[in-house]
Each structure stands twice: as C-alpha cells, then as structure tokens.
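All chains should be built: construct the whole structure from the sequences, respecting the hints.
To convert, note that position 51 of the sequence shown is 50 in numbering that gives the first Met the number 0; the numbers rise steadily by one, no gaps.
Just to be clear, a hint being listed does not mean it is correct.
[Claimed, not checked] Dumping the calculated DSSO-like pairs for lysine-lysine here, alpha-carbon to alpha-carbon at most 30 Å:
{"hint": "1", "residue 1": "LYS212", "residue 2": "LYS198"}
{"hint": "2", "residue 1": "LYS225", "residue 2": "LYS160"}
{"hint": "3", "residue 1": "LYS160", "residue 2": "LYS226"}
{"hint": "4", "residue 1": "LYS212", "residue 2": "LYS225"}
{"hint": "5", "residue 1": "LYS160", "residue 2": "LYS198"}
{"hint": "6", "residue 1": "LYS212", "residue 2": "LYS222"}
{"hint": "7", "residue 1": "LYS226", "residue 2": "LYS212"}
{"hint": "8", "residue 1": "LYS226", "residue 2": "LYS198"}
{"hint": "9", "residue 1": "LYS160", "residue 2": "LYS212"}
{"hint": "10", "residue 1": "LYS198", "residue 2": "LYS225"}
Derived from the structure by calculation, the hints contain no laboratory data.
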Amino acid sequence: MSIKEAVCYYPKHDVVWGFEDYAHLGRSRYIANHACFFMARGLTANWKRPFGFVFSRVIRGKGGHRDNPDIRQFTSALQQVMFDSLMGASTRKSCKDDLDIFVFGLQNIASPSTLELATTQTNVYAAFNLQENVLPSLLNVQQANVLAYIAGCICHRIAPKMCRTCSQTLTTADSHPEHLFIYEKNYSSATSLLLTPSKYVMELCLQLENAYKTVCEEVLHKKAVKKTLTSYLINAVTEAVPECEQCNPVYLFSRLFTSVRLHHSLRLSNQTFCKTKMKRNREVLKLSHV
0 MSIKEAVCYY PKHDVVWGFE DYAHLGRSRY IANHACFFMA RGLTANWKRP FGFVFSRVIR
60 GKGGHRDNPD IRQFTSALQQ VMFDSLMGAS TRKSCKDDLD IFVFGLQNIA SPSTLELATT
120 QTNVYAAFNL QENVLPSLLN VQQANVLAYI AGCICHRIAP KMCRTCSQTL TTADSHPEHL
180 FIYEKNYSSA TSLLLTPSKY VMELCLQLEN AYKTVCEEVL HKKAVKKTLT SYLINAVTEA
240 VPECEQCNPV YLFSRLFTSV RLHHSLRLSN QTFCKTKMKR NREVLKLSHV
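Next comes the structure, spelled out in structure tokens:
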C-alpha cells in the first residue's frame with residue numbers, strides 16, 4: 000500500500016488540501032486523512048480549534064506573515080515547520096532529552112565492517128602506481144583529472160570507429176596522477192566504460208579546450224552554434240593530429256569534444272539565467288534548445 004503526498008494551499012479559502020490516493024481498495028484514503036489530521040495537530044499543538052485553520056495560520060506565520068502566499072512559499076514554509084517540530088526541542092515535553100551515546104563515542108568505535116573496508120581501500124590505492132605528470136604545469140591535479148575523464152569518454156566512443164593503427168594511439172597502460180578519477184570510476188568490470196587516454200590524446204584535448212575557450216563567447220548567441228564550434232576546433236588542431244584517410248580522427252575528436260563542452264556551457268548559462276529571471280529572453284530560449 001502506498002500513499003502519494005501532495006500538499007497544496009488555497010489562499011482564497013485559507014485551507015490546506017493534500018494526500019492523493021493511488022493505492023488499492025481505497026484503504027489508503029482513510030489512513031491518509033487520519034495521518035493528515037494528526038500531522039497538522041502535532042505541528043500546531045492545538046487540539047481545540049479546527050486543525051486546517053490553525054495549520055494554515057502557522058504556515059503563514061512561518062512564511063513571514065504573508066497574507067496570500069503562493070505554492071512555492073507555502074511549500075518552503077511547510078518544510079520549515081515540519082523540520083522545527085520534528086528536530087527542534089519542544090517546550091511542552093514531559094520527558095528528558097535522549098542522549099545518544101553511540102554518536103558521542105563514534106570515533107572510539109571500530110566495527111569489523113569498518114576495518115575490512117579500510118583494508119580494501121588501502122590495497123586498491125597501493126596497486127595504483129603514480130608516475131610523472133604528462134600534462135604541462137599550467138593545469139592542476141583537479142583540472143587534469145577532469146580533462147582526462149573527458150578524454151576517456153571520447154576514446155570510448157570513437158575507438159570502434161577508428162582504424163587499427165589510430166586506435167592503438169588512443170590509450171595507454173601507464174598510471175598517472177590525472178588518471179586517478181578514471182581509475183575510481185571503473186570500480187567493476189561491468190562498468191569499465193572509460194579508457195585511459197594516452198599522452199597524445201591528453202595534449203590534443205588540451206588544445207581543443209584552449210580553442211573552445213577562445214571562441215565560445217563569440218559564437219554562443221549565433222546560429223548553428225555546434226557546427227560553428229566544431230569547424231573552428233577542427234581548424235585549430237588540424238596540424239596537431241596526423242592525417243588518416245580511413246577514419247578522419249580530427250573530425251571525430253572535435254565533434255565529440257564540442258558536444259561535451261557545449262552541454263556544460265549551456266547548463267551553466269541556464270543556471271545563471273534562472274537566477275537573473277531572464278527566461279523569456281529569446282536568446283536564452285535559443286540556448287536552451289541548441
């Protein structure tokens with residue numbers, strides 16, 4: 000039996016409605032009505048007046064004494080009231096505060112499962128032999144790991160489409176500091192979808208990243224954004240990638256790298272536009288549907 004909770008506030012009638020019924024045999028509606036009754040009475044701590052009226056007054060008071068709060072303000076205030084009632088100390092309590100000895104003495108407790116987990120992690124890191132960094136010093140460890148993660152995704156996508164000669168230059172068997180994130184993501188053989196990029200692929204992705212940052216702001220509001228970015232990246236790294244008539248690695252690398260970086264750029268742009276309340280701008284709508 001399941002109950003779907005949907006609490007809504009109607010300012011016109013100053014009442015609270017909720018608890019939609021999606022269970023079988025109609026039993027959940029009876030239980031939900033009583034659950035709503037006891038929840039409202041428990042939050043308001045007033046058993047004499049109608050709980051719907053008192054419950055709404057408390058919500059409005061928690062929401063800054065708004066006369067007509069909208070659904071978003073009411074939902075936020077409801078969450079705050081429930082948190083204060085459930086987690087805060089009550090002034091009408093009839094018993095002493097509970098003292099959780101386990102929480103205060105957690106650092107002195109070492110269960111067998113915790114010791115086994117720590118031993119396993121130590122063995123995993125011991126097997127990961129770090130060597131010298133293959134990237135220039137202009138990238139820190141975090142940036143190098145992110146770039147290696149993107150390069151590993153691209154290698155996994157384009158490896159079946161490339162010839163045998165070019166596919167052998169994509170990956171490497173060495174372990175470097177920038178491969179640590181890829182090593183942690185491939186935690187089992189069933190999910191080992193990331194390939195370890197070689198030094199050649201890392202340098203190529205670094206050139207693509209620099210070219211993308213240079214031209215991204217100029218073409219982001221123009222037509223055919225993805226096509227324009229891909230063409231620019233292809234021209235920027237043509238000399239760095241060896242030519243191959245069978246698989247055309249320049250086009251494959253540039254196209255996939257543009258898709259990954261453009262998706263990230265649009266997500267950041269949408270978050271910025273939502274904060275500045277510019278959703279109705281036509282340029283924003285175009286960016287959201289590239």
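Consistency of the hints with the structure:
| no. | hint | verdict |
| --- | --- | --- |
| 1 | LYS212 x LYS198 | holds, 21 Å |
| 2 | LYS225 x LYS160 | holds, 21 Å |
| 3 | LYS160 x LYS226 | holds, 21 Å |
| 4 | LYS212 x LYS225 | holds, 14 Å |
| 5 | LYS160 x LYS198 | holds, 20 Å |
| 6 | LYS212 x LYS222 | holds, 18 Å |
| 7 | LYS226 x LYS212 | holds, 16 Å |
| 8 | LYS226 x LYS198 | holds, 27 Å |
| 9 | LYS160 x LYS212 | holds, 27 Å |
| 10 | LYS198 x LYS225 | holds, 27 Å |
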